[in-house]
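4 protein chains.
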Amino acid sequence: RMACSRFEYVKSFEQDDSILPNVWIVIRVDGKKFHKFSKTHDFEKPNDENALNVMNAAATAVMQEFRDIVLAYGQSDEYSFVFRKETTAFKRRSAKLLTYVTSLFSSSYVMQWPRWKSVPLAYAPCFDGRVVLYPSDENLRDYLSWRQADVHVNNLYNTAFWKLVLGKGLSNQQAEERLRGTFSADKNELLFQEFGINYNTLPAMYRKGTILLRKRVVDRKGRQAIVPLHEDLISSQFWKNHTEILGKYV
Amino acid sequence: RMACSRFEYVKSFEQDDSILPNVWIVIRVDGKKFHKFSKTHDFEKPNDENALNVMNAAATAVMQEFRDIVLAYGQSDEYSFVFRKETTAFKRRSAKLLTYVTSLFSSSYVMQWPRWKSVPLAYAPCFDGRVVLYPSDENLRDYLSWRQADVHVNNLYNTAFWKLVLGKGLSNQQAEERLRGTFSADKNELLFQEFGINYNTLPAMYRKGTILLRKRVVDRKGRQAIVPLHEDLISSQFWKNHTEILGKYV
Amino acid sequence: RMACSRFEYVKSFEQDDSILPNVWIVIRVDGKKFHKFSKTHDFEKPNDENALNVMNAAATAVMQEFRDIVLAYGQSDEYSFVFRKETTAFKRRSAKLLTYVTSLFSSSYVMQWPRWKSVPLAYAPCFDGRVVLYPSDENLRDYLSWRQADVHVNNLYNTAFWKLVLGKGLSNQQAEERLRGTFSADKNELLFQEFGINYNTLPAMYRKGTILLRKRVVDRKGRQAIVPLHEDLISSQFWKNHTEILGKYV
Amino acid sequence: RMACSRFEYVKSFEQDDSILPNVWIVIRVDGKKFHKFSKTHDFEKPNDENALNVMNAAATAVMQEFRDIVLAYGQSDEYSFVFRKETTAFKRRSAKLLTYVTSLFSSSYVMQWPRWKSVPLAYAPCFDGRVVLYPSDENLRDYLSWRQADVHVNNLYNTAFWKLVLGKGLSNQQAEERLRGTFSADKNELLFQEFGINYNTLPAMYRKGTILLRKRVVDRKGRQAIVPLHEDLISSQFWKNHTEILGKYV
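Chains as they are written, first to last, in this note's numbering: chain P, 186 to 435; chain V, 186 to 435; chain E, 186 to 435; chain Y, 186 to 435.
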């Protein structure tokens, strides 16, 4: 039933893209023009809890489908998926892994949307995806720390910025000027002094992002479930608490 | 506001994947496990017009977003998008082009679904995507001819198969045995003799797939629209009728 | 007799590097630190005929070994080898093609040296090599034109420079200053007015570089020989005179 | 002085080939058709000490030039060069590293030849080269063990084979049949019983290949020299004795 035609030679133009064995495979998806997307859909500022829930639900769907993802980490409009070093899923073909993850994340995002958001989707959201390889456990930890350091810096800024705009009535430009050149300590102080806010008591999901891990569930069948955490993964304590991530596949 | 941390070095592990200049870039998306998907959602056999309409609508959304796609071709659960040779979209970065197309196709598929199908989506559909490069116009034409020859062979078989099953009450296995080793002429004859069907009069969309082209619309603004065609693109007549495809970008 | 050991898995870390079909494959080798090399071996300035002869002889050896090279072009301390689009030599594996050419060129250079130069080699010469792909005939022609335009610009400059230094006793710096900002016409004029030299009558090998082509030899067996030419390949006349290059393999 | 011409765009067809950071880079060169080459130059069988010396001398030249090679390993007509994980030589560009090593090895082989062999080179030798990446120290050790296990199996066979041919007057075919299906123990026994040879007392260079390491030389300046060893590198003792290899660059 295969179409054997004189055109079939064109198949030979497909090129092999197998990934080097024994490296961590990270696939990160990232919202395309989500600044506009969040405006169109009227996201709460600085954080829209339900928009983050849509991201987390879409990522959970991806992790349920691809068993060799040992950890996923999301913040803002991005999500990183970590395939274990030894995975042979799709023969480690780069484009296969990349597009399956990106596609399922995208379609799941649309599927999950109405469960969390009341406003209907105005248009189809779009995500880019990339594959990055990390040879050592240290490299992988540093990658995840990089993303978590990023959410810290951005969220502290955004929290202060929107407080100034929404709470004090500053214009966007005025708020920007007020924060220019300030350090983390300054912004913490500003939040505390002017708004009575202790930054460290704000919801951990906003400050730390979301880590998805597989954990055995205490039910009769002892199955695995995908569990969201909002912990600090930069410190080594996290890796001691969850030794299965860097260990062999459980 | 950029997170400059000691972890930032991990960014240097991202590798350049720019595509060679002056080649046709074809991105093909392909439904993952759509045999099961079509069963779950009770697709009509051998062709579900509305399921194909969802595919076409999703592909149209992709083509509207990425202006450098000069032609798209779809059949069954796959769609190919042809970027013009000279495109500099996303600096020709392979993963960017690949994932934007695959992501937008996937999310658009879910968005378009309820417009064409009454049964709700049981789960999120998933598509893989691949990039294939064709240096010459002849290679590109042969690629598209390959896909169209494929739909011909498959659809003729499927039409005969489902007539035997649905019309004559044969089991799947019996129908398979009946068709084993037959040539196109045999199947045409079978359809005509036993079911009074002239295969060539069946809907062209089933027999030829769908070609999406940009065409000037005759309205006041003379804008471009994306037009679906169900023509034979294997013959050279098609390319004479639509010279803009292989010509320079209009 | 094959060594089947538990270590053999490491072979799977080798990655496929097959070159896209239907593109021109250009391999260019380039002398490493040949400025120093030419000083050490006391090359004549601005051109050392015998040093160029060593290059040409080494390139001829490469072309004799790899039958799918249809043209080679050399100037200064570099040589480009053009494999025909359809070549399947070494399964089009990039590293194989690249290293065979670079290796044989390097060893042949040392072998050929004493036939042309009387001073012995002070140390082993080293060349880097790169693979560049050109999809269209026009791209290929433009590549070769680029290299030939390069030799023109450089050789005109060098000819004027060394005349000023060796003929007029200027220091290197003085000669550099004298030529700064001059156009081709200026340098032609300078050579003519001050040294009575008509640049266009200087040896074509210096001005145009060397093109190696396969040509039928008029002997009893009608065999092919590799023939050096020093023609202008930027003009289309060259390609009309040697239609076999862009045509199918003869 | 740069040739800025309308052809210069062709330079943009060169593609980036930087190697992933933090992986061991192994470059292996391998003689092309060295079976014929060894016949032409009348190599002693089963091992030609001076031919191996030429290989070792060429490899030493490569290691002297590229300071980031921490270890080289050679046997028969092949040599592997290990660049330290952290090397930034030539911006880790794959083709640069690959061709510099292969080129210098090839030209040095020709340069070194007359110092060890009295028969002149009949033609230019040619080597292919490949780049293989190993993420972990274990992978690297296994790669080197693989090559050393290879020389063991091949050399034991060849030693027995040539004893039968040269010592007992068997034809090549008879010797092959005599050895077919035998295990290492059988061949050891055959050598001992029929020829009074204790295989383990044969020169270590033949049995173990040659390892080149950098070692501090005990002279006034405490410089580094490249030292040949013929040790067993499969056992962990080797790596304990030479901790600098897997450690940071000294």
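Read the hints as simulated data drawn from the structure, not as lab findings. Small disclaimer: the values here were computed from a predicted structure and weren't measured. Where hints are given, some of them may not hold.
It does not matter which identical chain is meant; a pair holds if it fits inside one copy or across any two.
[Unchecked claim] Derived PhoX-like pairs (lysine-lysine); straight-line CA-CA distance at most 25 angstroms:
| hint | residue 1 | residue 2 |
| --- | --- | --- |
| 1 | K217 | K425 |
| 2 | K230 | K353 |
| 3 | K196 | K400 |
| 4 | K276 | K425 |
| 5 | K425 | K400 |
Q) When no copy is specified for K230 and K353, does a C-alpha distance of 25 angstroms or less occur within a copy, between copies, both, or neither? A) Classified as within: same-chain Cα gap 14 angstroms, cross-chain 63 angstroms, threshold 25 angstroms.
Q. With identical chains treated as interchangeable, where does the CA-CA distance between K217 and K425 reach 25 angstroms or less: within a copy, between copies, both, or neither?
A. Cα proximity of K217 and K425: none, with 35 angstroms in one copy and 37 angstroms across.
Q: Measure nothing new, just compare the shortest in-copy and cross-copy C-alpha distances for K276 and K425 to 25 angstroms and report within, between, both or neither.
A: Cα proximity of K276 and K425: none, with 31 angstroms in one copy and 36 angstroms across.
Q) Taking 25 angstroms as the upper bound on the Cα-Cα distance, should K425 and K400 be classified as within, between, both, or neither? A) within (15 angstroms within a copy, 40 angstroms between copies)
Q) Between copies, within a copy, both or neither: which fits K196 and K400 at Cα up to 25 angstroms? A) neither (42 angstroms within a copy, 30 angstroms between copies)
In the structure shown, a violation is registered for the earlier hints numbered 1, 3, 4, in ascending order.
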